[in-house]
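Taken in sequence, the protein lines are chains V and G. Just so we're aligned, residue 1 is where the first sequence starts under full-length UniProt numbering, counting upward by one. Just so we're aligned, residue 1 is where the second sequence starts under full-length UniProt numbering, counting upward by one.
In short, the hints are calculated from the structure, not lab data. Careful, some of the hints might be misleading.
Same chains, same names: a pair is fine if it fits in one copy or spans any two.
[Stated by the list, open to error] Simulated crosslink set (SDA-like; lysine to any residue; CA at most 20 Å straight-line):
#1 Lys-291 with Arg-355
#2 Lys-291 with Leu-356
#3 Lys-29 with Leu-96
#4 Lys-350 with Ala-239
#5 Lys-116 with Ala-192
#6 Lys-350 with Arg-361
#7 Lys-80 with Asp-379
#8 Lys-291 with Ala-358
#9 Lys-116 with Glu-20
#10 Lys-29 with Gly-316
#11 Lys-350 with Asp-255
#12 Lys-291 with Ala-244
Number of protein chains: 2
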Amino acid sequence: MSELAAVLAHIDANMDAALERLFAVIRIKSISTDPAYKAECQANAEWHVADLKAIGFDAAVRPTPGHPMVVAHDRSTPGKSALFYGHYDVQPVDPLELWDRDPFEPTIQTLPCGTKVITGRGSADDKGQLMTFIEACRAWKAVTGKLPIPVSILLEGEEESGGVNLPGFLQANADELRADIGLICDTNMWDAETPAITTMLRGLCGEEVIIHAADRDLHSGFYGSAAANPNRVLARILADLHDADGRVTLDGFYDGVPELDPGLRAQWETLGFTAEAFLGAVGLSIPAGEKGYSALEQTWSRPTAEINGMGGGYQGEGFKTVIPSIASAKVSFRLVFDQDPHKVRAAFRKHVMDRLPADCRAEFIEHGSGQAIRFPTDDPAFLKAREALSDEWPKPAVFIGGGGSIPVTHQLKQSLGMDVILAGFGLEDDRIHSPNEKYNLVSFQKGIHSWARILDALSR
Amino acid sequence: MSELAAVLAHIDANMDAALERLFAVIRIKSISTDPAYKAECQANAEWHVADLKAIGFDAAVRPTPGHPMVVAHDRSTPGKSALFYGHYDVQPVDPLELWDRDPFEPTIQTLPCGTKVITGRGSADDKGQLMTFIEACRAWKAVTGKLPIPVSILLEGEEESGGVNLPGFLQANADELRADIGLICDTNMWDAETPAITTMLRGLCGEEVIIHAADRDLHSGFYGSAAANPNRVLARILADLHDADGRVTLDGFYDGVPELDPGLRAQWETLGFTAEAFLGAVGLSIPAGEKGYSALEQTWSRPTAEINGMGGGYQGEGFKTVIPSIASAKVSFRLVFDQDPHKVRAAFRKHVMDRLPADCRAEFIEHGSGQAIRFPTDDPAFLKAREALSDEWPKPAVFIGGGGSIPVTHQLKQSLGMDVILAGFGLEDDRIHSPNEKYNLVSFQKGIHSWARILDALSR
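Taking the hints into account, I'd like the entire structure generated from these sequences.
Here it is as structure tokens:
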């Protein structure tokens, strides 16, 4: 039996203990965006440090101005090194009443189709995913006493809340963290049988705007129509973000956005992706983005503007004839190719100011940004990883794009000069960021296998 | 000393007791729109029944499918009769943190300018106002043993929450409630020295729309641009309610809206109203309504559309990259002259449906409606009331328009064939429906005087 085969067998024989550990970490309510959960984020970081020390890593909680990082090293094996990145924080769970069970009390459920899933907030994003890598390391150490290659691990606690402290932390600790390749487990498979390495990711520019009008809430009978209504001002600003063809109207928004390379477009067309299946899974049917582009292009290679939240005035039960004093919106732009997040932010602010009545005021809050990213798919490390994944799963691995942003990939490239292999085992129906998040049990088990294989492949 | 002079002297000698009663009723949290306060609404109705019985009225709590009515009669004096209407319910108090003191613990404060005010939710709208009438009745009974004319009193508990049960109650009890004239104390003075009778009131059509898109909240990275975003759909619907000139775009919206009679417009122009003062008082400066109309016309004689509330997606602290499943808005239309609220509601729903993507769904909730109203200003009762008010206040009383809706006035006209004298002692800076609502102490005391005088005048 090869070392790898022994490691894979060890993983299967010890799945119950691996699940116990995942459940323990899901129970920690590490909602980074809400200050009420600060202590839980700290506790989650400490949990990982203790766990990584138990495996044999040199691990420590590393403070930041926000939630702490976890940094761990086991570089006792010679060879080309890897830095694994994951995030231990999770999204808020509201609206809680839409969850079938406690988001912080994980369970194993069997779906009507027979699929076994792990339930709970973070079961997929990113606690379940990051634990696939840590469990693979644990198995290698248990079976062989060492890791196949030198490994460092960085776990962030602010990925879901803007990640403002990560760039500074990477720069301040560049020499300690730099490795030959980055590894991240925070993305999806192509489908349940086909693993994927994501080589294109959209960037992000998150922005909040608050429109201030009168210095108090007003009665809409007395003041209606004469007094500026910030809801009306905001609705105009938000509606004007798109033209009738679904294109974003900000000045210069499409600077640095070329048409997709025909070869890559042709490869994507062979994936069998259909808008009907993609949107049908969530109760929709009609691609809502730019006319002239497929739903796959809309989400992988075209930039967007989305209103993630908006609110103003009375939203409770019943009715209140009020003209509110303020209204606000949280808007995010997904960026592609060479779009500059800072230019996009400036263009959005100009878009707001151009539509602001002279007696209203706009306040802006910056919520993080990251440029889009592409990695070279002919690099040996990428080819080895693709082969390792193909060995584990029913169908060969594919190189794909991704609609979401993982700003750390750009920062690893910029600050540490590293390429990153983005291999994850999430599925489209995992409901990450939504009520009833889940992670397939097979994603967890074969995900651990996959990292065990990738570590082995990168050592050759 | 005339009977009237004795009554006025009695009022002044007993102000402390009158204030104690007003404070007691402000302490009752009768927020009608929120089901959590149902018992408080019942308690408020019971308080008035006990109080009116103490004065000598035949009074009872009268159940409805919602909050109860209070009905009281004292018709022992012969002559032309009056029905007084008020409402004991109040608006919600959110955002509570903007109140300087407990909205349900009334106090007397002295403003920096020396004006004494009564603080608390409902101090003006409508608890303070309705108690001016009841205290006037109490004084007449105390001094003379009878009222100058036959009086009935109707107090509603759902004025701030749509008033859906009032029309049915009026129709079911038409013979009992019908009187020669209606009296309502729920409007403002022209200014602090000039009393006013409001003879034109805008109507109202309140509507809520909920846009449903995907069957769950989605990650805006994975789904952004391909999946319909209900925030974006709603922003377009709301922005399209007005054109660039501030006119409402609904089909047929201006049907039944004539230009203002030049004579009345000329009279209004003599009132010395300025947009600078009206809007400057709340931190604004530029009339936001239809171009070509003064701010006074915009609020008295022109119809409007206002977004009273809107919301969708994540509105908490921080950021959440979500595409929500739903977004909703509460919209109200203020109506003038012969606009039909039902036609306006239908036109709004068509406006929504015309802008709804095929895979989204719109849900509508009706929130009450009332047509605009005008009363004949050459009627003897109106002339007598104007003279009585002119006798009390520093400056002569004026006939004015009003931007708000008091649907009961229309219903009294329609169901009971009654004209209504709308005489109130509120002021523009009373902050009704807002934090820190107040009612000037002089409004309360001279308001009681005013009703004592009007009852006397109507008996002649």
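Do the hints match the structure? See the list:
Taking CA atoms no more than 20 Å apart as the test, Lys-291 paired with Arg-355 passes between copies only; the shortest distance there is 17 Å, against 26 Å inside one copy. In this homomeric assembly, Lys-291 and Leu-356 come within 20 Å of each other (Cα to Cα) only across copies, at 17 Å, whereas the closest approach inside a single copy is 29 Å. Only within a single protomer do Lys-29 and Leu-96 lie at most 20 Å apart by alpha-carbon distance; the minimum there is 14 Å, versus 29 Å between protomers. Within a single copy, Lys-350 and Ala-239 get their C-alpha atoms as close as 15 Å, and across copies as close as 19 Å, so both meet the 20 Å cut-off.
Only within a single protomer do Lys-116 and Ala-192 lie at most 20 Å apart by alpha-carbon distance; the minimum there is 13 Å, versus 72 Å between protomers. Taking CA atoms no more than 20 Å apart as the test, Lys-350 paired with Arg-361 passes inside one copy only; the shortest distance there is 13 Å, against 33 Å between copies. Only within a single protomer do Lys-80 and Asp-379 lie at most 20 Å apart by alpha-carbon distance; the minimum there is 14 Å, versus 98 Å between protomers. Proximity of Lys-291 to Ala-358 under the C-alpha cut-off of 20 Å is restricted to the inter-copy arrangement: shortest distance 16 Å between copies versus 35 Å within a copy.
In this homomeric assembly, Lys-116 and Glu-20 come within 20 Å of each other (Cα to Cα) only inside a single copy, at 16 Å, whereas the closest approach across copies is 67 Å. In this homomeric assembly, Lys-29 and Gly-316 come within 20 Å of each other (Cα to Cα) only across copies, at 17 Å, whereas the closest approach inside a single copy is 28 Å. Proximity of Lys-350 and Asp-255 under a CA criterion of 20 Å is satisfied intra-copy only: 16 Å inside one chain copy versus 38 Å between copies. For a Cα distance limit of 20 Å, the shortest separation of Lys-291 from Ala-244 inside one copy, 9 Å, qualifies, whereas the shortest one across copies, 27 Å, does not.
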